[in-house]
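Respectively, the protein sequence lines represent chains A, B, C and D. Be aware that the first sequence starts at 1, since it is given in the numbering used here, and climbs by one per residue. Be aware that the second sequence starts at 78, since it is given in the numbering used here, and climbs by one per residue. Be aware that the third sequence starts at 155, since it is given in the numbering used here, and climbs by one per residue. Be aware that the fourth sequence starts at 302, since it is given in the numbering used here, and climbs by one per residue.
Please note that the accuracy of each hint is not assured.
Stated by the list, open to error - If you only want the chain D side, here are some residues facing chain C, beta carbon under 8 angstroms, derived:
#, residue
1, 332
2, 337
3, 383
4, 385
5, 399
6, 424
Don't read these hints as lab results, they were simulated from the structure. Even for Gly, the Cβ is constructed at its ideal location relative to N, Cα and C.
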Amino acid sequence: MKLTVKYFGLLAEVTQCSEEQFKFSGTLISEFLEAIYLKHPKLKEKDFQAAQSNEIVSKNTKITQAEIVLLPPFAGG
Amino acid sequence: MKLTVKYFGLLAEVTQCSEEQFKFSGTLISEFLEAIYLKHPKLKEKDFQAAQSNEIVSKNTKITQAEIVLLPPFAGG
Amino acid sequence: METKKPKNVFKEGAISSEFIANSIAKHQSKTSIGAHNIFLGQVRADIIDDKTVSAIEYTAYEDMANAKFHDIREAAFNKFNLTCMHIYHSLGNVNVGEICLFVFVSSTRRKEVFKAIEFIVEEIKANVPVFGKEIFEDSTHQWKVNS
Amino acid sequence: METKKPKNVFKEGAISSEFIANSIAKHQSKTSIGAHNIFLGQVRADIIDDKTVSAIEYTAYEDMANAKFHDIREAAFNKFNLTCMHIYHSLGNVNVGEICLFVFVSSTRRKEVFKAIEFIVEEIKANVPVFGKEIFEDSTHQWKVNS
Numbered sequence: 001m002k003l004t005v006k007y008f009g010l011l012a013e014v015t016q017c018s019e020e021q022f023k024f025s026g027t028l029i030s031e032f033l034e035a036i037y038l039k040h041p042k043l044k045e046k047d048f049q050a051a052q053s054n055e056i057v058s059k060n061t062k063i064t065q066a067e068i069v070l071l072p073p074f075a076g077g
Numbered sequence: 078m079k080l081t082v083k084y085f086g087l088l089a090e091v092t093q094c095s096e097e098q099f100k101f102s103g104t105l106i107s108e109f110l111e112a113i114y115l116k117h118p119k120l121k122e123k124d125f126q127a128a129q130s131n132e133i134v135s136k137n138t139k140i141t142q143a144e145i146v147l148l149p150p151f152a153g154g
Numbered sequence: 155m156e157t158k159k160p161k162n163v164f165k166e167g168a169i170s171s172e173f174i175a176n177s178i179a180k181h182q183s184k185t186s187i188g189a190h191n192i193f194l195g196q197v198r199a200d201i202i203d204d205k206t207v208s209a210i211e212y213t214a215y216e217d218m219a220n221a222k223f224h225d226i227r228e229a230a231f232n233k234f235n236l237t238c239m240h241i242y243h244s245l246g247n248v249n250v251g252e253i254c255l256f257v258f259v260s261s262t263r264r265k266e267v268f269k270a271i272e273f274i275v276e277e278i279k280a281n282v283p284v285f286g287k288e289i290f291e292d293s294t295h296q297w298k299v300n301s
Numbered sequence: 302m303e304t305k306k307p308k309n310v311f312k313e314g315a316i317s318s319e320f321i322a323n324s325i326a327k328h329q330s331k332t333s334i335g336a337h338n339i340f341l342g343q344v345r346a347d348i349i350d351d352k353t354v355s356a357i358e359y360t361a362y363e364d365m366a367n368a369k370f371h372d373i374r375e376a377a378f379n380k381f382n383l384t385c386m387h388i389y390h391s392l393g394n395v396n397v398g399e400i401c402l403f404v405f406v407s408s409t410r411r412k413e414v415f416k417a418i419e420f421i422v423e424e425i426k427a428n429v430p431v432f433g434k435e436i437f438e439d440s441t442h443q444w445k446v447n448s
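Can you make the complete structure from the sequences, with help from the hints?
Next up, the structure:
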């Protein structure tokens, strides 16, 4: 499947992009992370969470959307 | 001794005065209250506290100042 | 022993939103502040026995009240890690919808301001000799009691 | 199910004291309100490794952030007896000393606003995807993390 991956804050700095298309054949967030780490090894050193449909998801969540968003630690307020 | 007695809020309404001179021969707040009730019987029905030197005092406090202030319930804020 | 003379906390009439804005703006130069918390007391149009409150007329035993406000300031600065604290209370007539109490605390970190603002407001309600005559629309009145 | 579209909480740049004053003034017509509580987040000139923060540049995953702000609003109205609630957060550049977060709650009685303001601010800090780039005076930067 073809995913759109979005990066915010520090993560966009690390990957040098804020949004990219990413071809991927697995079904779980954990599998997606393994795959994206191959493309952007520096992400592995960073603290972040993945979100799908405006909700934070855990590693064993199934991917149901075409868009995955990677979020660094929050700093609102 | 001659005391100055101050009344605030509802109490000034009940006594129809905000400040008066009051001759008194006892030593405790409780004795003062008995005496002032004779002058203003309606005070007895009201909820209030006595203050001396900017502090609320209990009935068995000794009168050390020439001014006693009678305060109805607070309504600040 | 504290010998500093208590400040006068009282202002004649309602506290305007411009006055509050001006207080906030003055804190822009204090760049160690990360969090402000502001409490505002507003006069309610309470309905009591079919009569509606139109204003509260505040009086105070000012001498003792300013001493108590001073004690509350000292206690709050001792208990909480605050950068600034300001308290203003109205005297005289305040119409419904207008502000009669303005408490403003500031700190480097937010946790302090939440605890401090509640402490200060509760202390004011319990210990400061301020009296409120609730004026009804028909010009009768009753005396307010804090709950 | 809630189907109401989330409001946009974000404002470009700092939140001015005039904007805050205007919000306060708008509540004068709501005469059942007795207590307001306002939380303001202000950008601090923190010193990190001898470098001083001069501004924070805020970005957000706006779609999710507005959904989260909406969830926080709904939760706060369910938990506390509130008359009004307003939340504004800055995007883009906010200089030190300027306001980046404005949370405003109002209720008939004061007990509710103290609990509500702390709940809302803690929820925002923990759950809303907003990111802050702390810009130092020498134009280098680091990424802020809420504690």
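(request) List, from low to high, the hint numbers that the structure doesn't satisfy. (result) 3, 4 and 6
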